[in-house]
Structures are given as structure tokens and as C-alpha cells.
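*Asks:* Chain by chain, the residues run as shown.
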Amino acid sequence: MRVEERPGIGGRRRISWFPYLSLFLAVLWVVAFTLYPLLSALWYSLNTYVLGRGIVGFVGLGNYREVLASQEFWHSLGVSLLYALLAAPLETALGFGLAWLVHLRPPGYRAFQAIFLAPLFAMDVAVGYLGVTLFSQQGGLLDHILRRLGLEISWLSSTWGGLAGGLILDIWLWTSFCFLVSLAGLSTLNEEMYEAALLETKSSWTVAFRIALPVIWPVLSLAFLIRFLEALKTFGLVYALTSGGPGTSTLLLSPLVYLTTVRFFNFGHGSAMGFLFLVLASVFIALFFRQLRRVVEA
Amino acid sequence: MGKEVWEKAYALLEAYREGKLSRRHVLSGLVRLGLGTVAAQRFLEVWAQGKLLPSAPEAPYEAPVTPERVAFLRKKPYQGVTINILILKATVGDAVKYMAPLWEKETGGKVNLAEVPIETLYQQIFTDLTTGIRRYDAYMTGAWFYGDFFTTDPPYINPIDDFLKDPRYPYWDPKEMLPPMRELYTWKGQTYGTLFDADSQVLYFREDILTNKDYQRRFKEKMGYDLPVPPRTMKEMHDIADFFTGWDWNGDGQPDWGIALHAKVNEQGFFHFLTLAAPYVISKDNPRVFWFNPDTMEPLINSDGHVRALEEYALFMRNGPRDMLGWTLGEGWNLFLSGRSVMEPTWGDLPTLAQDPKASKVKGKVGAAPIPGTTEAYDPLAKAWRKYSLNRVGNVNGGSWHMVISRFSKNKEATYDFLAFMANRKNYFFLITHGWTGVQPGVKYAFFPPYGTGSVGEWEAQGWDQHDAIAFTRAYYENLTLPLQEPYLRIPGAAEYWRELDVQVSNVLAGNKKAKQALDEVYAAWQKITDRYGRDKQLKVYRASLGLK
Amino acid sequence: MRSPIWRSLSFWSRAFAYAFLALWTLWTLLPFLWALVNSLKAPVDTFSPKFIPVLDFKPVLDNWNAVLRDPNVVKALRNSALVGALSASLALGLAVPAAYALARHSFPLPNQQILLWFLSQRIMPPAVVLVPFFVLMVNLRLIDTVLALVLVNTTFTLPLAVVILSDVFREQSRDIEEAAQLDGAGEVTIFLKIALPLARDSLIAAWLICFAFAWNEALFAATLASDRAVTLPFLILASRSTRGVDFNTAAVNTLIAILPPVVLSFFAQRYLARGLSFGAVKG
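Residue numbers (the working numbering), protein chains in the order written: chain G, 15 to 312; chain X, 1278 to 1826; chain P, 635 to 917.
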């Protein structure tokens, strides 16, 4: 069951055009469409931009210095990190659990599958607006239910309430993504192996965790990683729910960059924030990726 | 009256003006054409006054109309011309959508409207202008965009004074706009906007509750003075808010509230602060300085007056549900409209929505008054508190959405024609009396006698309760004609400056920061923004926006 | 039909599993039901504790009427469908061969690094590149066109698809491929006739993910389009006006926006979670 990197199928090195062309086309597309925007943003990050007058001065790393020194940036980054650290594992675990159960094809599994996929197609801002009415303390459904259970939270008028509300909605929205990816991963498994394993261990838990999980671990950990990255970039959901308030306490990084760049046309700062984030996150996933792969090899 | 008849009547009036016919002759001529005697006299009067016709068949959607316009329209002047306008989606944008086909019918022109969500309007306008695309002839704009329009020389927008002088365009007179509103549509003495929305915040209250004899008696017992209807000072407003908080005064079995606020950050909640802070800083001894020092561009936002204003504004948080800190406009209005709060300082949307039984339970009960004043105001330049018997300050806070013409438009005439069409009295009247347009009145004639020539019957015909209509328009008029007005911030990056203030006000309301510390942080943030835009440039624009040299 | 594992579970285990599934079903449906309730409320009832139509409040059809009468809705539905389907298909068309290549071959650069590069395309907050993309589309004369949105969404979802599918291919058993190779089949043949069909479920899943992303994409949709190419997210953003957010209309738009893809995925899900019970690989 070990996943090995083998050069070419069958162990023979073949220089064939097909893989090179395939990869090349994909890379070409991405580069063609992102090169100009990224270079443009990079150039902006090295200058001061003022609406109406355009670029007014070259400041080199000045924007980067200011962003690194700004409390707002670090706060947004920290909140985004916290948010992602809570959301991604929960969603991945729940997604896998649901996918596993559905994968067992219990009665009605098709209906479950269709329903569980539905949130994937809900727009984040729409869910945020819905959340405002769900968590409103003046007649919101969730607030009402939870209050009956004794839990009174200032959902949209406190920092922790806002983050909690956002997380609840995030989990609702994105577990379906992890569910789908897990399902895709599980679909490649060979079922005969289950029968064989069951004969040996007689425990479905063992089959799930000792056999299925390690095989789809790469896909699953990838889903986690992707979900983590996306959660760091969460924008519409929380922004529509809390507008970043109270103050800027629930302002995640993406909305901060959005306001800076698009609302205030401060391209210099906004781009610098983007690139700083890019560097930080890239380092993180590079390390994480390596750790992940190590687990698999073990 | 058919077209031929009109031609003959027109000829008679022209002859009268040229001195070829006597008045008696003209009148009898008009009567013979089919006009009643009274109508004939009125025609002649209007004609003699200002060369305006009450109406004309060539211009079925305009009233009054100049004869030059009538002649101009006869040849369908904009046949084949297409103009592109960027507007907001919903409310004020819908108003433009409604008017466009009418104009097209009259003039033969074509109007393309691009509707965008309010979230992206600013960005759409300025990427259009700064990236050289320049697709639009006119933009719907908020008053605070003006500073950004004037960052270039010549500015991005086109003045309309020359058009105003030309009688071939639809008739409207900017001098009829109430002064503080007129100021928002002009820059350095030149007019840029055509009459449209006129926003300002006044205090709305439950007149039925405040005039309730039993409650009045209890108020006097508790507070020691007669319940003022409406409150005239901040202290009175606070007392009323405190008094009506925490018990059931509307009979629904739930304790109710003294005030409703839509205080969510990023949701125009900070306008509450601006509106309520005005009388703490603006006074007859300091009528124009609220934002920055007009000589150094140093922010004044953390002056003692501003600090006290914020501290007292924050006290209102105890007069409403705690969660109003996170309320959008709709939620804030809902508390008042569902009858659970006694007061709300906000825009004219509130009484408008109050007339709709699907949105409100308080139709007929809405009183209104200008924002209460103070007995003590701080002069931030002299750094001194001064006492007044009653210092009241009006405001034009809000968007005051209207259209401006792009400097790059290739069809400025047709564009102005359409914009002026909507500013013409007949159309404008339609806009302000129909609530769905979101257009609030800003001209003198729109208000009821004794101020203007509007008629409450028009409003009632649109579903307004008479009491509410009168209360609303009277308070609105009073607010817009107060001699002291809070200056509106119209410098480049206004939205950014406001954003910093918004965030810190929210922090204070949440109890996370003290007012002084919060405003000191706003001060620091504003200094940074000013430096980025260029201190000298900002100072120049700031002074221009205030009308200083 | 049932997986051998399910058959092996005890009654209580099955009950437990079922309870969990049922609970999550309820949890998933709740917001949709709430959106329905909201869509039937008059504004005055929106922020009061009224939950059940007819019993708690008088339902009104105004919100539905207003939206269904708006000609923009049909236009937005059509555009969203086009943008979603085209960008997902294009993204997959490019991603699938590339993912396969990364799973089966080595390149001058370590595959891991290439994958990381693709993954890193997903890091940049989109707001940073918004205006440059706008300028790019202006120069290509593609402002307010469906094509512009297709290009943008393909660019954004392509890396995601590559990364996910690469792992799926790698996980996939190679026995048949190797057998075919020994029989002398060419690479492309193996790819098309063996690897792809085996991965069909995952391909569908990836397509759905890319489609969902494009269907829900709001930022670029609102910036690059203003009239002809408006999509459903644009309409939802437009729920906010000078009068604040219209939650009731937003609820209607939310339900309208979710209906077509859910129906679509309902038909597509026949192909998911089938596992390999029909056993392509049998020893």
C-alpha cells in the first residue's frame, strides 16, 4: 500500500512528449494570466500610489516596512490564522467522517450525498447575510434556539461571538468541500481489500483508520491544506456577517487587503500585504507539505 | 390643446413680448383658442415673469418649461445619440431607470444605464477614470467622492454652469436648493451636480408616546422638568432615552427602548457620531472648523469637544439593545418601525418606510425635529469651551446621491439634458413624493407652506400619513435652514479618513477603548493618510471645500 | 450494494451512524429552510422572533415577485451557468493531463515543488490582483463579457484541480496501466482508456468543485462585469443598497442561486461514491 515515486510506468525512463506537453500547457495558462497582474502588483508594492495622481514615488521596501509595523496587519493575520486553525481541521475531520459513512452506502446514501453537497454551491456573501438573520438577537433562529438551551452569546456585537458565528457558518459551508474531496479519494479504493481486512480484524473502525485512511491520507491531507489556505483567505463570509467589527477585531486578512486596495486605492500597502502574506504562507505550506509526505512514507 | 393651438398661443405670447399686441388682445386671443379666462391669465403671468411656460405638449414630462426648450425639442435633438450612465442598483438608481424612458421619448436620445452594487460604485467610477477606459458620460456619486474628483487639474468632472445659462435645456434653478445642500453640489463657486437626492439626519421620535399624558407626568416626577417634545438639548435627549429604557411603554409585553441606532462598523453607523457631535464643536464662534486645522491640516478629531461628544454618544448604548452595536441600517430602523424604540436619529428613509404597513407599525406616529443642540461647545482652534443658551447645528450627512458629468464625455450636452430633465420641477416632485426612489427633498419649493409650495395632498396620494408628512418635511426644512451647518468632508480619501473614525467609534461603543484614546488613534491614522496624499495638496483641497482661499 | 463494512456493523453502530448522518442532514438543510422563511417575510417581521409561516407571521410573496420579475435574474442565471460550466471544463481540460503527468512522471524539477507552485497560486488574496486583472481585461477589450469571467475563473481553479487530481491519480492503482504497457499500449492510450475512466468519480468531483467556485465567485464578477455579463453573485451583492441590506430579497436570490447546481449535482452524484464495487481491478 505504499505510494512510491517511480520514474515512469514500469520503471523505465521514457522521454515522451505527452507529460511534458500536458504540464507545459497548464503552467503556460497560469503564467500567461497571472504574470502581468502579479508583476503589476509587485511594482505597486514598491511605490506609493495615490488616487488621481497614480504612482507618486518609489519607496522600495518602505511599504513592506510599514505593513510589518502596522498592528492592523498582524491582528488581521492572527485572527485569520486562528480562524483557519479552527475551521480546517474540523471541516476535514467532519468531511472525512461523512464521506466514509456515505461511502459505506447505507440505505438512502444517494440522498445524503446530494444534500451534503448542496452547501458547496452557496455563495459566501449570501451565507453571511443569512447569518446576520440567523444570529440576530432580535429574532434570529440560531440565537433563539441556543438561547433556549441556555447559551446567550453576543454574536454580532462582540469579537468572539462574531468569530464563533463565522466559524459555524464556515463549517456549514465548507465541510461539503472536504466531503467531496474525501469521497473522490475514497472512490479509488479497492473494496475487496475491505472484505479481506474485515475477515482479519473484525472491526470496522480498524478498517477505517488503519487501512482506508492511510491510503487516502495524501488526498485528505491535501484537502486539509487547501482548506486551511482558503480559510486564511476567507473574505465574503465573515465580512458580510460582521463587517470586521466591532472595530476591526473580526477583520480577516482578505477583507483588510480588499479595503486597502479596492476601497482606498492604497495599492502600495495592499500589494505589500498580499506579497508578505504570500511569502509567509508559502513558507508554511512548504514545511507542512514535507512533514505530511514524511508521515505517508512512514 | 392640440399642437396647432399651441403654435397660435405661442405666437400670441411672442407678439405680446415684442410689444406688437396689447395684453387685452392677447388674453382674448387665448380665450378664443380655447383657454379658460383664468388659465389665459395665468399663462400670461408666468410668461411675463420669467419666460416660463407651465407646460407644453412637446415636453410632456417637464413643467415648467422654457419656450426655447419647446422649440429645441421639436426637432428631436438627440436622435441617434446614446449616453452611458453609471448608477447604483436599487432605490436612487431605480429612480433614474424610471426617468430614462421618459427622457428618451421626449428627445429621441438613448440612455444606457449600468447598475452596480453600492459596494463597488466608488471603485467602478475611479477605475473607469484612472485606467483610461472612460466608458461613462455621467456617474452617480456620493457627496464624499468630490474630493477625489478634484485630485487632478482639470478635475475629472465637468461644471454645468454654462449649461444652466442655456434655456434650451430642461429648466431647473440651483438657487432653489437649500444652501447647505447647494454647497454639496458645487465646488469653488461652480456647480457640478444636478438636483437629486438630499440627505441629512434629523431626530425621529414617537410623537404619540412623548405626548402621552401619563408618561409625561411620570417623566416630570422622575426628571424634575416637563417632558420636552421634541428634545432641544443633548441633555434632554439623553434624559428621554434613559426614561423610556427598560419598561413596556408600547403594550407589547416586552420592555422597550429609548433609542435605536444602526451602529455597525462599515455600515454608515459612524454618521450617527458625526451628526450628534456637530453641536459640540460647531458654534457661531466656530462655524466651519470640524475636521482639520485650516492652516496646518492637523486633525482636530481628538479635540476636547469631539471627545466629549463621543463619550456622550456612547452613553446611548445603554438605551438600546446591546447588540445594536452590530446592526445594519435595516435592523436599526426596524427597532423604531416595529414600535420598540422612542427615538432614532437617522435619514429620511425612516419616515418613508414608516408609511408602508409591511415595514412598519408606527405609521401616523412619527414626529421629527432637528438634532438637539448643546449649551456648551468647544472651539478647537481657540481651545476653549464656550457657553450658549442653545447651540443647534444642522447637517447634510449621508450620500446625497446625484449625477455628475465626466470631463471625458463626448456627449456632454445630451448628458446634461437628461440630468437636468430629472431636476426639472415636475420630475423632481415625482421623485421626492414616491418613497421607493429614496430621493429626499432639498429644494425650498418641495416643502409645504409656509416654506414652499408643495402640497400635502400629493404626499397623501402616495400613501403618506398627513401627520408624518408634515412632521418630516418641517423638521427636514428646519435642519437644512439652520444657520450653523456641520461642514462636510470633501477631500481626497474622505472614505479612508471616515473609515478610521468609524473603526474607533465602534471600539468605544463596544467598550473596548476610551473615547480620548480612540480619537487619539484616529488623529495618528489621519496624519498618516494626509502624508500619503501629500499634506500641501490636502490642505489646498480642504480649504477649497470649505470655501476658504 | 451495501459495502461489506456496512454489512458487518452491529445494529447499534448502524443506528449511531444513521443518527450522525440524519443530524448533519438537518443541520445542512436548516439554513436553506431559514432562507425560505426569510424570503416569505415582510421586512417588519425580519428581526422579530417569528419562525413559522402562517403561525407566527403572515407570509408574503412580494420578495419572490420582485426578483422573478427582474429580467436581470434570467440573464444572471444564464451567465453564471456559462461561466461555471465553461471555466470548469476548461480548467479540467488543462488540469487533468497535467495532474496525470505529475503523478506518473518525473521532471527536471521535483514534482513536489511543481505541485507547491500550483498550490501557491491559491495563496494571494484576490483583492491584490483585482485592479491589474481589470486593466488586463480592458486591454483585451473583454470588459463586461462572459469570456473575461471564464478566463479568470479558469486561471483560479486550474491550480486547485491540478493539485487535487494529481494526488488522486497517484493514489490510483497502476496495475492495469502497467499491464497495458507491457502489452505495448502507448502513453496517451493508457491515459485516455485506462486512467481516466478509473478516475471518473474524482474527475466529476473536481469538475463540481471548479464549477462551484466559479458559480460563487463574486469579487471579479462585480468588478469585471456591470451589465451584459452579470452573474448571480453580482445580484446578491446588489442586495445592499443605500437602504442597507435587503435580507429578504437576498434570501430569495440565495435560493435561486443554489437551485440549479444542486439539481445538477443530484444528477452527477449517481457517479460518486460508487467505489469500485463493479470491480475494475480483480486481482
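Worth flagging that the hints you see were computed from the coordinates, not collected in a lab.
Some clues are possibly wrong.
[Said to hold, decoys possible] Straight line, CA to CA, 25 Å or less: simulated DSS-like cross-link-like pairs of lysine-lysine:
#	chain 1	residue 1	chain 2	residue 2
1	X	LYS1374	X	LYS1387
2	P	LYS684	X	LYS1635
3	X	LYS1387	P	LYS692
4	P	LYS709	X	LYS1642
5	X	LYS1638	P	LYS684
6	X	LYS1285	X	LYS1374
7	X	LYS1452	X	LYS1442
8	P	LYS709	X	LYS1640
9	X	LYS1285	X	LYS1387
10	X	LYS1703	X	LYS1353
11	X	LYS1465	P	LYS684
12	X	LYS1721	X	LYS1442
13	X	LYS1689	X	LYS1664
14	X	LYS1638	P	LYS709
15	X	LYS1452	X	LYS1328
16	X	LYS1374	P	LYS692
17	X	LYS1490	X	LYS1353
18	X	LYS1640	X	LYS1374
19	X	LYS1635	X	LYS1512
20	X	LYS1640	X	LYS1382
21	X	LYS1635	P	LYS692
If you're wondering where the values come from, they're calculated on a predicted model, not measured in any experiment.
*Asks:* Hint by hint, say whether it matches the structure.
*Replies:* Consistency of the hints with the structure:
no.: 1; hint: LYS1374(X) with LYS1387(X); in the structure: holds (12 Å)
no.: 2; hint: LYS684(P) with LYS1635(X); in the structure: holds (15 Å)
no.: 3; hint: LYS1387(X) with LYS692(P); in the structure: violated (43 Å)
no.: 4; hint: LYS709(P) with LYS1642(X); in the structure: violated (43 Å)
no.: 5; hint: LYS1638(X) with LYS684(P); in the structure: holds (16 Å)
no.: 6; hint: LYS1285(X) with LYS1374(X); in the structure: violated (36 Å)
no.: 7; hint: LYS1452(X) with LYS1442(X); in the structure: holds (13 Å)
no.: 8; hint: LYS709(P) with LYS1640(X); in the structure: violated (38 Å)
no.: 9; hint: LYS1285(X) with LYS1387(X); in the structure: violated (31 Å)
no.: 10; hint: LYS1703(X) with LYS1353(X); in the structure: holds (20 Å)
no.: 11; hint: LYS1465(X) with LYS684(P); in the structure: violated (53 Å)
no.: 12; hint: LYS1721(X) with LYS1442(X); in the structure: holds (21 Å)
no.: 13; hint: LYS1689(X) with LYS1664(X); in the structure: violated (51 Å)
no.: 14; hint: LYS1638(X) with LYS709(P); in the structure: violated (37 Å)
no.: 15; hint: LYS1452(X) with LYS1328(X); in the structure: holds (17 Å)
no.: 16; hint: LYS1374(X) with LYS692(P); in the structure: violated (32 Å)
no.: 17; hint: LYS1490(X) with LYS1353(X); in the structure: violated (63 Å)
no.: 18; hint: LYS1640(X) with LYS1374(X); in the structure: violated (28 Å)
no.: 19; hint: LYS1635(X) with LYS1512(X); in the structure: violated (35 Å)
no.: 20; hint: LYS1640(X) with LYS1382(X); in the structure: violated (37 Å)
no.: 21; hint: LYS1635(X) with LYS692(P); in the structure: holds (10 Å)
Hints 3, 4, 6, 8, 9, 11, 13, 14, 16, 17, 18, 19 and 20 from the earlier list are contradicted by this structure; the remaining hints agree with it.
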